[in-house]
Amino acid sequence: MKIAISSTGNSLDSAMDSRFGRCVYLAFYDTETKAVEFKKNPNETADSGAGPATAQFVAIHDVSRVLSGDFGGKVRTILDGLKIEMVTVETNNKTIAAVISTL
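The sequence shown begins at 2 in this note's numbering and counts up one residue at a time.
Treat the hints with caution; some may be incorrect.
In silico lysine to any residue, SDA-like type, Cα no more than 20 Å apart, as pairs [said to hold, decoys possible]:
id: 1; residue 1: Lys3; residue 2: Thr34
id: 2; residue 1: Lys3; residue 2: Phe39
id: 3; residue 1: Lys40; residue 2: Gly82
id: 4; residue 1: Lys3; residue 2: Arg77
id: 5; residue 1: Lys41; residue 2: Gln57
id: 6; residue 1: Lys84; residue 2: Phe58
id: 7; residue 1: Lys3; residue 2: Thr46
id: 8; residue 1: Lys3; residue 2: Asn93
id: 9; residue 1: Lys41; residue 2: Thr103
id: 10; residue 1: Lys3; residue 2: Thr89
id: 11; residue 1: Lys40; residue 2: Phe29
id: 12; residue 1: Lys3; residue 2: Ile61
id: 13; residue 1: Lys41; residue 2: Asp31
Calculated from the structure, these hints are not laboratory results.
Modelling step: build the complete structure from the supplied sequences, incorporating the hints.
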């Protein structure tokens, strides 16, 4: 399964980002291969519609689950429609490595 995690940076030591639509990076974690790939969120500085656009961005990467500190209403509707599970995580400066270790 492929999981997307909102991140403030592009390394395992980066903190999880509490924002989904405007997170700086997304960490894509493959539970089968244990591989992690970081991609810059192209919607971080969008004037509007960052959440829905980021939902579409994770969808094209064949993600089954998304972990973030928060999801807006429009994002919830889109991800529900795409059958992508949303998991709200209390970020508390957790690193991406720490989040992955709990999966």
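For each hint, the structure was consulted:
no., hint, result
1, Lys3 / Thr34, "10 Å, holds"
2, Lys3 / Phe39, "13 Å, holds"
3, Lys40 / Gly82, "23 Å, violated"
4, Lys3 / Arg77, "18 Å, holds"
5, Lys41 / Gln57, "14 Å, holds"
6, Lys84 / Phe58, "14 Å, holds"
7, Lys3 / Thr46, "25 Å, violated"
8, Lys3 / Asn93, "23 Å, violated"
9, Lys41 / Thr103, "23 Å, violated"
10, Lys3 / Thr89, "17 Å, holds"
11, Lys40 / Phe29, "8 Å, holds"
12, Lys3 / Ile61, "11 Å, holds"
13, Lys41 / Asp31, "17 Å, holds"
Hint compliance for this structure: hints 3, 7, 8, 9 are broken, all remaining hints hold.
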